[in-house]
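**Q** Sequence:
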Amino acid sequence: MKKTTWKNLIYIYVGFILACNPPSKSVVNSETINTSYIEQSPSRDPNLSEDVYFRATGNEPFWMVEISEAEILYKTPDDSILFTSFEPIIAADANVKLYRLKSLRLNMDVQIQQSVCTNSMSGIELPYSVKITKSATSSATPEILEGCGQYLTDYRLHDIWVLESMNGEKVSENNFQKSLPMLEINSAENTFMGFAGCNQMNGKLFSEKSLLRFTNISTTKMMCPQGNKESEFLAALRSSTTYFIENNRLQLSNIDGLLLVFKKID
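Offset between the sequence shown (1-based) and the working numbering: plus 14.
Don't read these hints as lab results, they were simulated from the structure. One or more of the hints may lead you astray.
Here are the simulated lysine to any residue pairs, SDA-like style, with alpha carbons at most 25 Å apart [stated by the list, open to error]:
| # | residue 1 | residue 2 |
| --- | --- | --- |
| 1 | K111 | K145 |
| 2 | K218 | L194 |
| 3 | K89 | I174 |
| 4 | K145 | R119 |
| 5 | K111 | T98 |
| 6 | K218 | M207 |
| 7 | K223 | Q128 |
| 8 | K89 | V66 |
| 9 | K235 | K223 |
| 10 | K278 | N268 |
Construct the entire structure; sequences and hints are all you get.
**A** And the structure:
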């Protein structure tokens with residue numbers, strides 16, 4: 015009986031020791047991004063824009079660049095560098111932008127060229143080729159990285175929009191074939207479809223930051239009655255280059271002024 019009691023006491027004691035000393039956590043083999051070193055300031059400014067409008071990636075080694083209104087972020091599996099002061103150099107004769115970036119420990123040039131680029135691992139084609147030339151400030155030997163990128167079309171465009179005014183004048187169904195022109199935009203696919211005022215239409219979007227173009231517009235071939243303003247609407251849509259969204263309105267403009275105003279519908 016005493017032997018049993020002593021055994022029980024030993025078991026209780028061992029259990030108590032184990033409960034007070036939980037086993038150490040196992041180490042998971044994973045890649046961690048080091049975000050503790052930000053080049054321009056010791057902490058990220060909470061007022062800086064998080065809206066990324068361009069993203070590029072490359073392989074072997076893996077890297078990623080994200081450009082937003084106020085930041086350029088360069089990432090690798092083991093580092094993260096943020097630049098907050100930049101202005102692109104734009105080529106006069108081609109769609110090429112060059113960002114010259116400098117920090118305490120890194121000099122980096124990011125060149126973005128409109129040229130079809132194929133991802134070396136996935137085989138996916140993107141519309142921009144990206145070349146990075148970087149070197150540590152303590153080294154004169156540059157490293158060159160190449161990859162593919164794309165501008166990210168504003169997610170707010172992804173909706174159905176009905177024409178409200180054209181060339182500064184309110185429109186009505188009487189100006190068209192019983193219904194107002196409308197756009198259904200798919201910002202993820204950079205496509206659109208809709209009604210032009212007489213015929214059905216579809217096409218593609220070309221987007222770069224605040225630039226927005228409606229391209230490859232095709233329509234059905236139905237004859238339109240006299241006085242229908244479809245041709246005027248399509249001409250305005252094709253010539254628009256910039257956009258602005260406010261109060262559930264989509265405004266399309268070009269260098270000459272405001273062309274089209276659409277109202278968002280639910």
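**Q** So, for every hint listed, does it hold in this structure?
**A** Against the structure, the hints:
1. K111 <-> K145: 11 Å, holds
2. K218 <-> L194: Within the cut-off at roughly 21 Å; holds.
3. K89 <-> I174: 36 Å, violated
4. K145 <-> R119: 20 Å, holds
5. K111 <-> T98: Holds. K111 to T98 sits at ~17 Å (cutoff 25 Å).
6. K218 <-> M207: Holds: K218 and M207 sit about 9 Å apart, inside 25 Å.
7. K223 <-> Q128: Distance of about 14 Å is within 25 Å: holds.
8. K89 <-> V66: Status holds; Cα separation ~14 Å.
9. K235 <-> K223: 34 Å, violated
10. K278 <-> N268: 21 Å, holds
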